[in-house]
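Make a model of the complete structure from these sequences and hints.
If you use this note's numbering, the sequence shown corresponds to residues 1 to 565, in order.
Incorrect hints may appear among the rest.
[What the hints assert, rightly or not] Under the rule of at most 30 Å between Cα atoms (straight-line distance), these lysine-lysine pairs were calculated in the DSSO-like manner:
(1) LYS153 x LYS140
(2) LYS532 x LYS249
(3) LYS216 x LYS249
(4) LYS299 x LYS153
Keep in mind that the hints were calculated from the coordinates and are not lab data.
Note that the structure is predicted; figures quoted are calculated from it, not measured.
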Amino acid sequence: MSFFQTQNNVETRLCTAVNVAIGAADADQLRAIVLLEPDHQGAFPPDHEELIQSLRTKYPASDEDSENRLDQLVRRVVTETAESQDEEGRPVQSWGSMVTFLVGWMTYLRDMDPNDYVRLFELLTEIQQRANSALQHPIKGILMLPTIMSYAKTFARVAIVLDQQPWLIEHLLGDTVTEDGARESLPEKAANIVRQAFITCLNDRNTVPGGIRDGKPDGKKVGIYKMANTCLKILFQADKPGSCQTIFKNISNSSPPLHIYPASERTTYLYYLGRYHFSDTNFYAALLVLEKAYRECHKLCLTQRRLIAVYLVASNLIMGRFPTETIYNDPAAKGFREAFLPLTQAIRNGNLEAFRRITNLDLSHPSAEFMMHYRIFYQIGNYCEVFVWRSLLLKIFKLSGAIGGTEKAAAFVDLDAALHIFRFLEARAQIKNAAMAAQDRGPGRRNMGHIYQDHASTNRSTYVDPDFAGVEGVEPYNHEMDIMEIECICGSLITQGLLNAYISQARQKLAISGAKRGDTKLGFPIPWEVLKSKNSDDVLGWKREAGTEGQGQVVRLSNAAPAGS
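Given below as C-alpha cells:
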C-alpha cells in the first residue's frame, strides 16, 4: 500500500495510515501496514523499504533515545490510541499497548536480518508479546486479530526451523522447566507465547452471552481456533503432542461450539485433536474426531485428506474395523491398499506368522516403511496383536475344537493343541527367508523339522552382546512359548471381552461359552462392538454444542499450566 504522500517523512506517513485504519476499524488494512516479512521474492513494498532505511538512519539501535523518540512520534500522530468516547458517549480507555506495539514493530524492521534465525526468533518473541498485549484492549483490541494471526504463522515457522538446529538455540532455552522436571523446549516456549493470544480470544468478555451472534462467533472469539491451530502446529511438528492438553481443556470449558467456525479451521483443528487422542492411546475418540475431519475435508485437498485418512484408518484398525473400498479408492489414499491389506488379511485369518513379519522391528516388510513414516507402526503392532490371537483361536476351535457330546458338555479348545500351533507359527515367523517358510505344503508333504531343530540357525538368534562374547555358559536367548503363556493369552482376551470363555487349568482346556452347536457369535464377539461399548462419545477438546458447562468461565493465564506440563 502507499502511505499518505503529503506527509514530510515516512514515519509520519506510516503513523497517519495506521491512525486512519484504526479510526475506520479496518483490521485488514492495519495488517497490511504492519508487515513483518518481505514477499516471496524477498522484497518489501517501496514504502516499507524507505521506512527501514529511514529508521536505521534517524533512529539507530546505537542511540538509546531512539525508542523514546519513536514513542513520542506515535503518540502525537496516532491519536486513535488516546482516551476517547464511543458513538454512544461511553468512555474508551487509552490504548497504550498499541503505542508500545508500533514502536516495537518499527524497531523490529530496523534490526531484523532474515538470514539470522536466532536473532529473528528473539525479535519475533518480543513483537509477538507486544501484539498480544495490544489485543487485550476491550474495545479496539479486536483490530489486532488479523495481524496477530499473521505474526503467529511467521513465529511458528521460525521456531520450527530453529528446533531442527539445536546447536544454535541452547542459550535461548534458559532454565524454564515443566512440572515433570523437563526443560521447556523452544517450540513449547513459542507455543506458550502464541497461547497468550489464544487465551485472550477465549476470555473475551465484550461479546453477547455465549459468544455467538447470528450463528457466528462474536468479538475476539472468532480467533479461537485459528490461534489454537497455530499452537498445535508448532507442538506437533516439534513432536510434542502431549503438550496440547491444556489447549483442548480450555476449549472444552470456554469455547463456542466448533461447527459455527469456517470449515478450514474445523478440519485443521479436528485433525490435530485426532492426532492428540491417537498419541494418547484414546483410539475411539481419535476415530470419532478424524472421521468428522475426513468427511469435512474437501476432496481436492489431497495432502490434508491423506494425513487425516492415515490416522483414521489406523484408529479403526486398533478398534477392530478394517478399511473399506471407499477408503482404498479415494485418490488421497494412494498406496493404502498395499500398506494395510496384508495387515488386515493377517488379522482376519489369524495368520500369526504374517503379522509377526509385518510388525518385525527389523522393518523388512514393505508395509513397515509406510507405517513408520506416519508413526503408526508401534501402535498397530502392540494393539492389533490381540485380534490375531482371537482369530487364530477361533480357527483352532473350528478345526479341532470339541462342540460337546451332551447337552451339559461345554465346547472347548485343547490348550496343548493351541500351544503347538502358536509355537509352530512363531517359529516360522523367525525364518528370515519368508519363501522358505512358505514352502510348507502341509503334514506329510514337506519336512519342516528344521523349524524345531534349527542347526543352521535359520530361525534362532545367534546374537551375543560383545561384552559377554566368549564367556562360558552364555548362549543366545531364544524365546519359546509354554502352556502358561497360552493361558495368559486366553486370559487377556477374556479380560478384554474379546473371548467369552473360561480356562480349566486342571484339564488344560479352554471352555467356549455358547458354542455347543458350533455357533461362535457368543464365544467370539465382534471386537468393534466390544470395544465401542467400553467407550464414550464425549471427546475432550471437541465442543459440539453450546451449553451451560464452562459458559462464562475465565481462563486465567496465570493459573493455566504451560505447554509441556
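Hint by hint, work out which the structure violates, then give me just those numbers in ascending order. none
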